[in-house]
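Engineer: Read off the chains here:
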Amino acid sequence: MSRESSARATPGHALKAPRVVSVPSARCMAPMNRDPLDLTAADPQSKPMTTHINKAPAYWSRAAIRPGIVAIGPMLPGTLAFGMAFGALCAQKNFSLAEVQLMMVFVYGGLSQFVAVQSWPDLLTPGSIATLALLTMTVNIRFALMTATLRPWFGSLPSWQAYPAMLFVTDGGWLAAMRYREHGGANAMFYLAGALVLYLLWAVAAIPGYLLAEQLTDPKKYGVDLVMPAFYAAMLVPAWKGPRRAIPWLVSGGVALAVHYLVPGWWFIIAGALSGAISAAFIDEPAPAGTTAA
Amino acid sequence: MTDWLRGDVMIAFAVMTAVTVASRLGGYWLMGYVNVTPRVRRMLDALPGSIIVAAALPVAVNGGLVVMFAIGAAMVVTIIRRNDFIAVMTGMVVAALARAAGFSG
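Chains S and E are the protein sequences, given in the same order.
Under the working numbering, the first sequence has 2 at position 2, and the numbering climbs by one with no breaks.
Under the working numbering, the second sequence has 102 at position 102, and the numbering climbs by one with no breaks.
A hint or two may mislead.
Claimed, not checked - Per label pair, the in silico range of CB-to-CB distance:
#1 S/119 with E/64: 33 to 41 Å
#2 S/200 with E/100: 26 to 34 Å
#3 E/68 with S/258: 14 to 22 Å
#4 E/81 with S/265: 35 to 43 Å
#5 E/104 with S/131: 24 to 32 Å
#6 E/65 with S/59: 41 to 49 Å
#7 E/10 with S/240: 25 to 33 Å
#8 S/161 with E/37: 22 to 30 Å
#9 E/32 with S/221: 20 to 28 Å
#10 S/203 with E/11: 19 to 27 Å
Honestly, the hints are just simulated from the structure, not real lab data.
Glycine is no exception: its CB is placed at the ideal position from the N, C-alpha and C atoms.
Just chain S, with the same shape it has in the complex (with noise of 0.2 Å):
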C-alpha cells in the first residue's frame, strides 16, 4: 500500500482500512491442501483489498522448505510421468540417452521439449536450427512472464541470490510459489526448495522412459497427457477471487484460441496470458469514493 499512495495520493486512500496482514506462520505454511477456503477474498466487501494486502519482503528460511515441496507434490507423479514420456519420445527419435540427459539439465523446458523433439528437423542446419529456437521461445516466452511476478517478492534480494533462483521457474513451482505468496508468505525458500525438486525429478525422470520405450509409445493410454491441464485445472479453482477478477482470463482463454487457429505454432500461450494481463490493466478495482478512474 506504500507504493501505491505514492503512486497515487487520493482523498479515498485514507477510508481503506489497512489490513494488517498477521498470517500465522503456521497458516502460511500449511500445505496446500489444508489450506482453508479463501473466503475473505471471495467477500465483495473486502474486493478493494484483494490486490492490495501488503506483503513482507522476501527472506530465506529453511523453516519453509518442507511446507514448498509438499505444495509441489502433486506435482511429482505428473513430472515423472511426463519425463518418461519425453525419454521414450526420445529413444524412437534416435536421440542418445546422453544427449537426453544433456537436454532434461539444461534447457529445461518440458512442453518446449516434447514441441521441439516432435518437429525435429532430419537435417539441422542454420535454418532449421533458427526454426528450433523461434518454436522454443513461443513455448517458453511464458517464463519472462512468471518471473516479472516474482520480481516485487525477490526484488529485495541481492542479484546473485534471485538470478539464479529464476532459472528453476516451472508452471507448477511458480503457481504453488504465487499462491504461497497471495495468502502473505515471503519466505523465498518456499519457492526455491520446490523449483529444484522439480528440477532433479525432471532431471533423471527421462531416463526409465527411455529405457522402457516400447512399453511407452502410447502416453496417452495412461493420461499422462493430462498431467499439466488438470494440475492447471487445480490451481485455476483457487485463484477465483469471483467473476471481476476473472474477466482477464476470459480475455486470455478467448485470444489464445483465436491465435490458436489463426497462427500455426505456440504463439497462442504467450498471446493469450499478455492479452489477459493487459485488460486486467483496464480494469479497475471498484474505486474507492475519490478516485478517479483511470
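Chain E: place on chain S using the hints.
Structural biologist: Quick look at chain E alone, frame taken from chain S:
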C-alpha cells in the same frame, strides 16, 4: 545416428537453452525497470490465471471431449476436496479410462 553426442545436436540444444534462459532471466530483469503501480500490480495479479487459461484451453479444446471431460472432473474434485494431488490423479484416470472404453481424443 547412434553417436553419443552429435555436434549439430549440441549446437541446437545450446541455442534452445540460451533462448529459455533468456526468457527466465529476462522477465525478472525487465521488471526491475517497471514501477509497480496499482495498474501494473493488477496485471501481475492477473497473470497466473491468464497463463493457465491461455496454455490449457486450446490444448483442451484440441484434445476433444475426453480431455475436456477429464479437466472438468479435475476441477470438480478441486472444488470439493481442495487437493491438487487427487485432482491430477482424477484427470489422468478419467482420461485413461475413457480411452480404454473406446472414446477417442
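Engineer: Return holds or violated for the Cβ distance of residue 203 of chain S and residue 11 of chain E against the range 19 to 27 Å.
Structural biologist: holds, 22 Å
Engineer: With 41 to 49 Å as the target window, see if residue 65 of chain E and residue 59 of chain S comply at their CB atoms.
Structural biologist: Given about 48 Å between the Cβ atoms, the range holds.
Engineer: Taking the beta carbons of residue 161 of chain S and residue 37 of chain E, is their distance inside 22 to 30 Å?
Structural biologist: Given range 22 to 30 Å: holds, Cβ gap about 26 Å.
Engineer: Please check whether residue 200 of chain S and residue 100 of chain E have a Cβ separation lying inside 26 to 34 Å.
Structural biologist: holds, 33 Å
Engineer: Is the gap between the beta carbons of residue 68 of chain E and residue 258 of chain S within 14 to 22 Å?
Structural biologist: Since the Cβ atoms of residue 68 of chain E and residue 258 of chain S sit about 18 Å apart, the hinted range of 14 to 22 Å holds.
Engineer: With respect to the beta-carbon atoms only, verify the hint that residue 32 of chain E and residue 221 of chain S lie 20 to 28 Å apart.
Structural biologist: The hinted range 20 to 28 Å is violated for residue 32 of chain E and residue 221 of chain S, with Cβ atoms some 46 Å apart.
Engineer: CB of residue 119 of chain S to CB of residue 64 of chain E, is that within 33 to 41 Å?
Structural biologist: violated, 22 Å
Engineer: Tell me if the beta carbons of residue 104 of chain E and residue 131 of chain S are separated by a distance inside 24 to 32 Å.
Structural biologist: Given a distance of about 31 Å, which is inside 24 to 32 Å, the answer is holds.
Engineer: Starting from the range 25 to 33 Å, see whether the pair residue 10 of chain E and residue 240 of chain S falls in it by beta-carbon distance.
Structural biologist: violated, 45 Å
Engineer: 35 to 43 Å was suggested as the range; check whether the CB atoms of residue 81 of chain E and residue 265 of chain S agree with it.
Structural biologist: holds, 37 Å
Comparing the model with each earlier hint shows violations of hints 1, 7, 9; every other hint is respected.
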